[in-house]
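Asker: Here is how the chains run, residue by residue.
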Amino acid sequence: MRTKSTRWIPTLILLLGAVYCLVPIIWVVMASTKSGQELFTTFTFAPGSGFLDNLAELSSYRDGVYWRWMLNSALYAGFGALLSAALSGVTGYALAKYRFRGRNALFSILLAGVLMPPITLAIPQYLLMAEAGLADSYWSVLLPSILSPYGIYLARIYAAAAIPDEVVEAARVDGAREFRLFRSVALPMMVPGLVTVFLFQFVAIWNNFLLPYIMLGDDSKFPVTVGLYSLLQQGANAPALYTLVITGALLSIVPLIALFLGLQRYWRIDLLSGAVKS
Amino acid sequence: MAPPQPRPTRRLAPYAFLAPATLLFSLFFALPIGYAIYLSFRAVRVKGLGLGSGARTEVWAGLGNYTSALSDPELLGGAGRTLVYGALLVPAMLGAALFFALLLDTPAIRFGAFSRLAIFLPYAVPGIVASLLWGFLYLPTVSPGYFLLTKAGMAGPDLLSGNGLYVALANIAVWGGTGFNMIVIYTSLRSIPVELYEAARLDGCSELQIALKIKIPMVLPSLVLTFFFSMIATLQVFSEPMTLKPMTNALSSTWSPLMKVYRDAFVQGDIYSAAATSVVIAVATLILSFGFLKLVNKRTDGGS
Chain A
1 MRTKSTRWIP TLILLLGAVY CLVPIIWVVM ASTKSGQELF TTFTFAPGSG FLDNLAELSS
61 YRDGVYWRWM LNSALYAGFG ALLSAALSGV TGYALAKYRF RGRNALFSIL LAGVLMPPIT
121 LAIPQYLLMA EAGLADSYWS VLLPSILSPY GIYLARIYAA AAIPDEVVEA ARVDGAREFR
181 LFRSVALPMM VPGLVTVFLF QFVAIWNNFL LPYIMLGDDS KFPVTVGLYS LLQQGANAPA
241 LYTLVITGAL LSIVPLIALF LGLQRYWRID LLSGAVKS
Chain B
1 MAPPQPRPTR RLAPYAFLAP ATLLFSLFFA LPIGYAIYLS FRAVRVKGLG LGSGARTEVW
61 AGLGNYTSAL SDPELLGGAG RTLVYGALLV PAMLGAALFF ALLLDTPAIR FGAFSRLAIF
121 LPYAVPGIVA SLLWGFLYLP TVSPGYFLLT KAGMAGPDLL SGNGLYVALA NIAVWGGTGF
181 NMIVIYTSLR SIPVELYEAA RLDGCSELQI ALKIKIPMVL PSLVLTFFFS MIATLQVFSE
241 PMTLKPMTNA LSSTWSPLMK VYRDAFVQGD IYSAAATSVV IAVATLILSF GFLKLVNKRT
301 DGGS
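If you read the sequences in order, they're chains A and B. Each residue of the first sequence is one higher than the one before, starting from 1 at the first, in full-length UniProt numbering. Each residue of the second sequence is one higher than the one before, starting from 1 at the first, in full-length UniProt numbering.
What the hints contain is simulated information worked out from the structure, not anything from laboratory work. Please note that a few of the clues may not be correct.
Examples of chain B residues lying across from chain A (beta carbon under 10 Å, computed) [what the hints assert, rightly or not]:
1. 24
2. 32
3. 33
4. 36
5. 103
6. 104
7. 124
8. 132
9. 135
10. 143
11. 258
12. 262
13. 275
14. 281
Glycine included, every Cβ here is placed at the ideal spot set by N, Cα and C.
Could you put together the complete structure from these sequences and hints?
Answerer: Printed below as a string of structure tokens:
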């Protein structure tokens, strides 16, 4: 018989974990309401009086370059994740549902991409992009983000489990061509898996720092991560910029947290452990 | 019975489906890797004063870049720091992830959905922003922790210098990664058939014994997977120390191996030695990864 006193211990420990995870977020919400002086003088979790001023100041900083960064992040992550999900879908489907020469070799080579340290790729990618005249362009960040070994891996597992071979065979017997078969039979069945790929890639591209940091020089093309970093570097010498950095940091996580909470039921993390249930 | 010979379109279809991925892989993975290897064997020779066209020529450097990379104390120092950082981070993060996952899986838990969501939430926060937030929380002038400690008459620890820095950096990654790993482990816990627990309870096992003797062995594959990915992410640590750098003098621009490669290539403009160093890091990563996978496979083969 377990007593009542021991039963709430797991709950309490979990709540402590939740508090640990929420503290920096609550802190940034509070700090963004403080004016420059209040930031260093009032208790950090007490709200301040300057949120609207901070917002106005951030919006007017260098003609609103901050909002430009947010828009850039949305473009890189939105298009990148969409193309990535499409590419992962077609590649994963082919790897899961066809038997052909070189299948396993190709899959292993694609997966080895995960192991490559990003810097090993980023330097020569930058030099090659510069050769092609594409360095410091939107393409230089978008194009390398499309191929996701992880996305292909997930799509392959998902296709193998979600598309029964009998359905594929039946469609062939009915005379469907291979591409039509993929588009109208396989693709609809893969949608939940591809939504997961889209979400993971969206977060990965939105959060990416190294690639755009290396590729881009012109700050009007920066995503918000690189923009905030450049702001922080200037802020180190000018503490007045701290409030801008803090307000910017808060606003930059709002879209992702909204995406994350709004699409909670579409996060199929079980795919990651390979524990797919049909 | 031999399968009927498929139609030609069906034989060619997979190659057509794989063409875009193969093309992108060649352009953005294979070609850059090949180019990096090529560059790593090259160097620039400066003639005379290095002025005018033709004064700087690219020449074959043999293994020169590699010998200087491997004997570079900064790179070895960076590798050592990364190792210490990983030794703090990986056990703490995966231990917490496993612990929280097991707690979430206990019967009669309250606020489970809330805690799960809250602990996963940092996954949505970019590494740059996470480091920035924690950086401010480490600064004695704005941190609530220091505020409370000062009120209590104590001095806070210095997290932005010396050994405190390892804790500070590891904490950022623990904060960002625990929830994700927790969900991976929790999902595989949920797929264990409940009959196993019922049988164990009938045999008189406590919840703790069930956790130790059934649950943990059953989620071992997930732990191996999360360990593998955490190990790789550790070797590639870059944005967290880069973000904390403006806040403290204790972080050098070569703190982690990737930071050193970045500095060599883009601050000092020596892409050749940067290429050699990044090839060394890539090879070390591959050796560690395959070594680890081999070890795991051996263990699981022997066990079954």
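Asker: Decide, hint by hint, whether the structure agrees.
Answerer: Cross-check of the supplied hints:
Among the interface hints, the one on residue 24 of chain B holds; its C-beta lies about 4 Å from the nearest C-beta in chain A, closer than the 10 Å criterion. Interface hint status for residue 32 of chain B: upheld, as the beta-carbon distance to the closest one in chain A is roughly 4 Å, under 10 Å. The restraint placing residue 33 of chain B at the interface with chain A holds, with a minimum CB-CB distance near 7 Å, inside the 10 Å limit. Checking residue 36 of chain B against chain A: minimum C-beta separation of about 4 Å stays under 10 Å; hint holds.
Against a cut-off of 10 Å between C-beta atoms, the interface hint on residue 103 of chain B holds, since the closest Cβ of chain A lies about 4 Å away. At its closest, the beta carbon of residue 104 of chain B sits 7 Å from a beta carbon of chain A; the interface hint therefore holds under the 10 Å criterion. Annotation: residue 124 of chain B was flagged as interfacial toward chain A, and the flag holds, the nearest CB pair being 4 Å apart, inside 10 Å. The criterion of a C-beta within 10 Å of any C-beta in chain A is met by residue 132 of chain B, whose closest approach is roughly 5 Å, and the hint holds.
Below 10 Å, beta-carbon pairs count as interface contacts, and residue 135 of chain B has one with chain A at about 8 Å; its hint therefore holds. With 10 Å as the threshold, the beta carbon of residue 143 of chain B comes within range of chain A, its nearest partner Cβ sitting at about 7 Å, so the hint holds. Because the closest C-beta pair between residue 258 of chain B and chain A is about 5 Å apart, less than 10 Å, the hint holds. The interface hint given for residue 262 of chain B holds, since its Cβ lies 7 Å from the closest Cβ of chain A, which is under the 10 Å cut-off.
With 10 Å as the threshold, the beta carbon of residue 275 of chain B comes within range of chain A, its nearest partner Cβ sitting at about 6 Å, so the hint holds. For residue 281 of chain B, the shortest C-beta to C-beta distance to chain A is roughly 5 Å, which falls under 10 Å, so the interface hint holds.
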